[in-house]
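J.: Letter by letter, the chains look like this.
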Amino acid sequence: MQQNKPLISVSNLQVSMGGKPLLSNVSFDLSEGEMLCIVGESGAGKSTLVKALQGMMPGHCDRFTYAPSSTEVCGAIPAGLGLAQARWVMQDPLAALNPRQPLGRSIAESLHKENLPKDQLRKRVLSALDDVELTADFYDRLPSQVSLGQAQRACLARALIAQPKLIFFDEPLSALDALVQKKIAQRMESLRRATTTTYIAVTHDLGFAAAYADKVLLLRDGTVSAYQSRTAFFANPQSDYAKDLVAAAQSLGALPEAAA
Amino acid sequence: MKTLLIRFAGLLAVLFGITLITFTISYFAPGDKAEAIAHARYPGDFGIAPEVLQGIREEFNLDAPFFSQYTHWLADVMRGDFGVSYSSRTSVWVIFVDNLGETVTLTLTSLAIGLAAAFLLSAFAVRYPNTIWDRGAVIISSIGAAMPSYWLALLLILGVSVYLGWLPAYGTGTFAHLILPAATLAFWVMTSQTRLLRTFMLEAYNQPFIETLRLRGIPEREIFSRHVLRHSFVPTLTMIGLDMASLLEGAIIVELTFSRSGLGSLLAGAVLSRDLPVVMFLVMFFATAYVVINSVIDGVQHLCDPRNLKRAKAS
Amino acid sequence: MSLSQSISISDSHPADPLRQFTKRVGVATLVLLGLWSLALWLTPYEPAAADFLNRLAPPSAAHWAGTDHLGRDIATRLLYGAGWSLGLSLAISLTGFVVGTVVGILAARSGPAGDFAVMRVTDSFFAFPELIAAVTFAGLFGPSTSNLVIALMVVSWMKFARLARALTLSLGESDYITQARLNGLSSRLILWRHLLPNILPSLLVLWTNSWSRTILSVSGLSFLGFGVQPPSAEWGAMLLDGKAYMQTAPHIMIFPGLAVLLAVMVINLTGDRLRDLMAGKT
Chain G
0 MQQNKPLISV SNLQVSMGGK PLLSNVSFDL SEGEMLCIVG ESGAGKSTLV KALQGMMPGH
60 CDRFTYAPSS TEVCGAIPAG LGLAQARWVM QDPLAALNPR QPLGRSIAES LHKENLPKDQ
120 LRKRVLSALD DVELTADFYD RLPSQVSLGQ AQRACLARAL IAQPKLIFFD EPLSALDALV
180 QKKIAQRMES LRRATTTTYI AVTHDLGFAA AYADKVLLLR DGTVSAYQSR TAFFANPQSD
240 YAKDLVAAAQ SLGALPEAAA
Chain U
0 MKTLLIRFAG LLAVLFGITL ITFTISYFAP GDKAEAIAHA RYPGDFGIAP EVLQGIREEF
60 NLDAPFFSQY THWLADVMRG DFGVSYSSRT SVWVIFVDNL GETVTLTLTS LAIGLAAAFL
120 LSAFAVRYPN TIWDRGAVII SSIGAAMPSY WLALLLILGV SVYLGWLPAY GTGTFAHLIL
180 PAATLAFWVM TSQTRLLRTF MLEAYNQPFI ETLRLRGIPE REIFSRHVLR HSFVPTLTMI
240 GLDMASLLEG AIIVELTFSR SGLGSLLAGA VLSRDLPVVM FLVMFFATAY VVINSVIDGV
300 QHLCDPRNLK RAKAS
Chain R
0 MSLSQSISIS DSHPADPLRQ FTKRVGVATL VLLGLWSLAL WLTPYEPAAA DFLNRLAPPS
60 AAHWAGTDHL GRDIATRLLY GAGWSLGLSL AISLTGFVVG TVVGILAARS GPAGDFAVMR
120 VTDSFFAFPE LIAAVTFAGL FGPSTSNLVI ALMVVSWMKF ARLARALTLS LGESDYITQA
180 RLNGLSSRLI LWRHLLPNIL PSLLVLWTNS WSRTILSVSG LSFLGFGVQP PSAEWGAMLL
240 DGKAYMQTAP HIMIFPGLAV LLAVMVINLT GDRLRDLMAG KT
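Chains as they are written, first to last, in numbering that gives the first Met the number 0: chain G, 0 to 259; chain U, 0 to 314; chain R, 0 to 281.
Isolated chain G, as found in the complex:
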């Protein structure tokens, strides 16, 4: 992996809600084209982290930088709706797509700010559909008229079409069955290789992290239990918790050979 320009860095992030700490002392940094996998059990604060980074939950940190919008702050992460040139693929594709709007229009909304003429917009949507291996006739289908995997690919297309610098991936594969999971993950990986898009993927599937991540951030009860490169994480886990997790995944045969 070639070393690129830094994209996002966070140090000592704190998030609390109603006096209750949800996340504390979370730090990481990513360069362009890297993938970070945030792993941990449910309730560990994975989704909170994704929301806080996008300004949708009040978070404080010592330093927060985000290259595409030249953001560099100390203190509160600017509250708002999302980061510039970033997209978010959510866990449940059927909840993330308007049930009464054709897929093509949902995907096109990702380019809303660019104000493209109609025919150009349609062309871009069709090529985005092609990128995720969906045919042109999916343009006019409603979410209820496609399979779950196809809906998630449409969501992926909605993120990719904007050619963002950063994509948040919130357990995007957990609602799908194994074959579809693999197909989408591979497609995503080949698209990632072709661009310099950075990914922050939330998952509780260590196998996914072992196959695709550059860095792994393990959360437990809102604190960082391990933050290592993939190879280091699987060869020499930082904490006891991480060790147990990796050992358990290995004994189940859930990890690919390379990581074991």
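Bear in mind the hints are in silico, worked out from the structure with no lab data behind them.
All residues carry an ideal CB built from backbone N, CA and C; glycine is no exception.
There could be a bad hint or two in this list.
What the hints assert, rightly or not - According to the in silico footprint, chain G covers these stretches of chain R (three or more CB under 8 Å from chain G):
#: 1; stretch: 163 to 175
#: 2; stretch: 187 to 197
What the hints assert, rightly or not - Calculated pairs, DSSO-like style, for lysine-lysine (alpha carbon to alpha carbon, straight line, at most 30 Å):
#: 3; chain 1: U; residue 1: K1; chain 2: G; residue 2: K19
#: 4; chain 1: R; residue 1: K22; chain 2: G; residue 2: K117
#: 5; chain 1: G; residue 1: K112; chain 2: G; residue 2: K4
Chain G is fixed; fit chains U and R onto it per the hints.
T.: Chains U and R alone, transformed into the frame defined by chain G:
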């Protein structure tokens, strides 16, 4: 605790809104109120002197601006003074109590008969699915939802009173007078409740624990009477509470169609003779009753919710 | 054409049942409206034309539903009465639909304090049972069609407001609206594209319910003398007209009641079907 306080504040706000709406309607009702009062005081006197009218206007504050009249009236209402009927010159409260009995008798009789019939019908429908019982219950309840109650009343009068001559058609007083009106209203209760009860019972049947009971070999009859019936009882009670307004409306239509005395006939008569104190009291009574019943149901549900119970204990 | 259509549906994706149903209801409505206009045009009678030689005649080939106490053709009056009974209640329930939806959405979007205020006002109106409000208003201000309509409109919107508010609040948290916000869509665009198309089906179910209830209210109040006044051919007013002749000519009061029953049943069943479709049943 805080949610309960907010709810209570909301209830007060709504009660206040009810008085404001009631007063606004009566304030803007056409007709000279002083004259109406004068006619009530001096019955048979058709040439009331202007001075007398002026005196009444001053006595009742009728020339004051809207808001001042409203606050005066509201103060009276808060003290429990609902005024005196223009036409009978007796206290509104006394007239109300006199007429309440007939309406309560009618509603409770119909509710009891209608509910009993609904329980039987939906029990048969659920125990024997896809039989004539089940289909019949569905058909009857959709006919019932569409049946104009005044038309059903006319049909009953036509059949039972006119052709058969068994029961009196119009009026109040004896038990015989109660049968047709109660049957009309009970039919409505039966059909609307059958629809709901059938759904509740089917839901209860679809609970996973019913299958467990069956596997344990507990007889179908016992499963039904012990578990399904009990399961569908609470939602039914809630629905009846919420549908109290419809029941009252039904009672009013039935009373007027059968020329029975009661709150409905009282309201219609008072409205047509512009007996404003009676009208205002009745309208407020119906609205307040509705709001209070609903708040009580709401509150009970809130308290019965185990999550809230835990919270209340913890704090 | 139909063959290729059915093939394309079966081997690629199922048709959207909601859209299909809407289309079918639309066609059925147009057909019914056409038949109704045709019948109005074909009937040889006028709704108000008295014929004293033919008073209280039972149903016959010349008068399909008989004649009333003034010798007017009941079938013709029923046709004209549909305009009153169904038309007035349609206008009333549509007003409630639009006003209530707007109020509910506004309440949901105006922050906690505004929401509390708007909803308590809604509750205050909601406390007055429809029929009591209508009897009071139409009685005090003089029984007439317009007063009946005003009274019923005033109490027609609260259920819509409650439902629209609840739906708006719950959809506001939904993932696809979050996505639309992240993509920078204005709240007006989100309202038209994402919110309304998704809350309308539920509101439509409520509307069918409200329409049929209003038919019962309009004809019931007219029957009690608080609404449309005879000699207008409203179905309830026709019943009021016929009540006195119940013993000698029961057909006068059979047909108008039957008309109300059938109209309300058809609308209710349509609404039930729509609700089932939304719940995913087929």
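J.: Give a verdict on every hint.
T.: Comparing the hints with the structure gives:
1. 163 to 175: holds (count 3)
2. 187 to 197: holds (count 4)
3. U:K1 / G:K19: Given pair K1 (chain U), K19 (chain G) holds - Cα atoms ~20 Å apart, limit 30 Å.
4. R:K22 / G:K117: Given that 30 Å is the threshold and the Cα spacing comes to 28 Å, the pair holds.
5. G:K112 / G:K4: holds, 26 Å
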